[in-house]
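Protein chains: 2
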Amino acid sequence: MKNLLLASTSTLYKGDYLEYLLPELELHFKDCKTVLFIPYARSGGITHEEYTTKVALAFAKINIIVKGIHEFENPIEAIEKAEGIFTGGGNTFVLVSQLYKCKVMEVLAQKLKSGTPYLGTSAGSNIAGLTMQTTNDMPIVYPQSFQTLGMIPFNLNPHYIDNDKPSNHMGETREDRIKEFHSFNSIPVLGLREGSWLEIKGEAITLKGNLKARLFRQNQDPEELESGFDLSYIK
Amino acid sequence: MKNLLLASTSTLYKGDYLEYLLPELELHFKDCKTVLFIPYARSGGITHEEYTTKVALAFAKINIIVKGIHEFENPIEAIEKAEGIFTGGGNTFVLVSQLYKCKVMEVLAQKLKSGTPYLGTSAGSNIAGLTMQTTNDMPIVYPQSFQTLGMIPFNLNPHYIDNDKPSNHMGETREDRIKEFHSFNSIPVLGLREGSWLEIKGEAITLKGNLKARLFRQNQDPEELESGFDLSYIK
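Protein sequence lines correspond, in order, to chains A and B.
Mapping of the first sequence onto the numbering used here: position 161 corresponds to residue 223, and the numbering continues sequentially without gaps.
Mapping of the second sequence onto the numbering used here: position 56 corresponds to residue 118, and the numbering continues sequentially without gaps.
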C-alpha cells in the first residue's frame with residue numbers, strides 16, 4: 063500500500079527548512095528510526111554532503127537519523143533496505159539523470175509500491191508523477207528519459223503560482239506553459255501551490271494544507287480543487 | 063560570413079508582432095524577396111499554418127513574401143534554397159525536436175555559416191547558441207539532443223527578467239536557474255532582455271536595442287553589458 067507525501071515546497075516564506083511539515087513528518091515516518099535521503103537534485107548546486115547535512119538537522123527535530131544515498135556503495139541496496147525515503151528539491155533534470163545513471167528509478171518505484179513511507183518536496187514530488195515534463199526547472203543536464211516514478215496517475219507542477227510575471231513581460235505564465243504541455247500531451251497536471259501537499263495512502267490521493275490546487279486537463283478549463291478533496295479520480 | 067539577428071522577443075508590451083524590429087528587418091532582409099519561416103516552435107500550440115499566416119502579415123509590411131517550411135515536401139531543400147530564414151518563438155523543446163526529426167539542424171547551421179540572413183526570436187534565438195539548456199520553456203516533448211546551431215560561442219537566455227517572482231515565492235529566480243546551469247556547465251550565458259537583440263556579422267557580435275544585457279559566467283559575478291558592445295570576446 064503506497065504511503066507518500068508530495069509537497070510543493072520544502073520551505074515556506076520566512077519558515078525554516080521543512081518546518082511547516084514536521085508535525086506531518088513525525089506521523090508519516092513514525093515507524094522509522096532512519097530515513098534515506100536522495101540529494102541528487104542538488105538544490106542550488108550544493109554538494110550531496112552539504113544537502114544531506116541540512117536535511118539531517120531538520121529530521122533531528124523529530125528524532126530521525128538521515129543517511130544520504132551517496133554514502134552507500136550500492137545505491138540500489140540502499141533503497142531496498144531503507145525504512146523511509148526522502149527526495150529533496152533542486153533541479154529535476156539533474157535528479158532524473160542521476161536516478162537513471164544509478165539505475166534506481168525502477169527500484170525506487172517498486173520500493174514505494176511496497177509501502178515504504180516517502181516524502182518528496184519540489185523536484186522530489188515532481189518525480190512521483192508520470193513524467194517530469196511539467197517541471198519549472200532549466201534543462202541544465204540531459205536525462206536519458208523524461209519518464210518518472212508514476213506513483214500517481216497524473217503529473218505535478220510544484221511551486222504553482224498564479225501570476226508569475228509582471229504584466230509588461232512577454233514570456234509565458236505558468237498557466238500558459240501547462241496549456242502548451244497539453245498541446246502535445248493528454249496527462250492531467252495538478253498545479254500544487256506552496257503550502258499544499260498530497261497524501262497518498264494506497265490508491266487514495268488527498269490534497270492537504272490550507273490552499274486549493276489547480277487542475278489542468280487537455281481541452282478543458284482549469285479547475286480549482288479544495289483541500290481535503292480525494293483526487294484519485296483524476297486520470 | 064554569418065548574418066544573424068537574434069532577438070529576445072518577437073513582440074514588445076503593447077506592440078504588434080515584430081513591430082519594433084521592422085526597420086531593422088527591412089535592412090537585414092533587403093536582398094530577399096522571400097523569407098523561409100520555421101514555425102516548428104508553434105507558439106502557444108497554434109498550427110504551423112496559423113503561425114505562418116501571422117508572420118506573413120508582419121513581413122508584408124516590408125514587402126517580403128513568407129513561406130512556411132511545412133509547405134515544402136523536402137525541408138532540407140527548402141533551407142538550402144532559402145534567400146532568408148526566420149525561426150519564431152514558442153517552445154524550444156518542440157522546436158529542437160522537430161529540427162532533429164526533419165534532419166535539418168546541421169543543414170540550417172551550414173546555411174547560416176554561408177551568410178544567409180537569419181532572424182530568430184525567443185526560441186528561434188535560443189537555438190543559435192551552443193545548446194538549448196538555458197531556455198525558460200517546459201520540457202513538453204523529449205528532443206533527441208540539447209545541442210543547437212552554435213552560431214555564437216555562448217548560450218542565450220531570451221526574455222531575461224530581473225525580478226521574476228514575488229518575494230514570498232520560494233521557487234528559483236531566473237538568475238538562480240542560470241547559476242544552477244553553471245554548477246554543471248562552463249558555457250557563458252547572455253541574459254537578453256525584451257527589446258534587446260544581437261547582430262552577428264561574420265565574427266562580430268553586437269548588442270543592439272536600448273537595454274543592457276546580463277552576462278553570466280561560471281564562478282564569476284554576473285556582469286551588465288552596454289548596448290553597442292562587441293560581444294565576440296565572450297567564449
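Hints are not guaranteed to be accurate.
[Stated by the list, open to error] Derived list of chain B stretches under chain A, where covered just means 3 residues or more per stretch with a C-beta under 8 angstroms from a C-beta of chain A:
#, stretch
1, 99-110
2, 204-210
3, 231-243
4, 277-290
[Stated by the list, open to error] Derived CB-CB ranges, DEER-like:
#, chain 1, residue 1, chain 2, residue 2, range
5, B, E288, A, K163, 36 to 46 angstroms
6, B, E168, A, F246, 21 to 31 angstroms
7, A, E88, B, P284, 37 to 47 angstroms
8, A, H231, B, E288, 17 to 27 angstroms
9, A, G264, B, P228, 34 to 44 angstroms
10, A, S176, B, D78, 54 to 64 angstroms
11, A, F246, B, R279, 28 to 38 angstroms
12, A, S176, B, K143, 55 to 65 angstroms
[What the hints assert, rightly or not] Derived BS3-like pairs: lysine-lysine, alpha-carbon spacing no greater than 30 angstroms straight-line:
#, chain 1, residue 1, chain 2, residue 2
13, A, K116, B, K76
14, B, K165, A, K241
15, B, K76, B, K173
16, B, K173, A, K227
17, A, K123, A, K263
18, B, K163, B, K270
19, A, K92, A, K165
20, B, K270, A, K227
Don't read these hints as lab results, they were simulated from the structure.
All of these numbers come straight from a predicted model, not from anything done at the bench.
Positions of the beta carbon are idealized from the N, C-alpha and C atoms, including for glycine.
Hints broken by the structure, by number, lowest first? Violated hints: 4, 13, 15, 16 and 18; rest satisfied.
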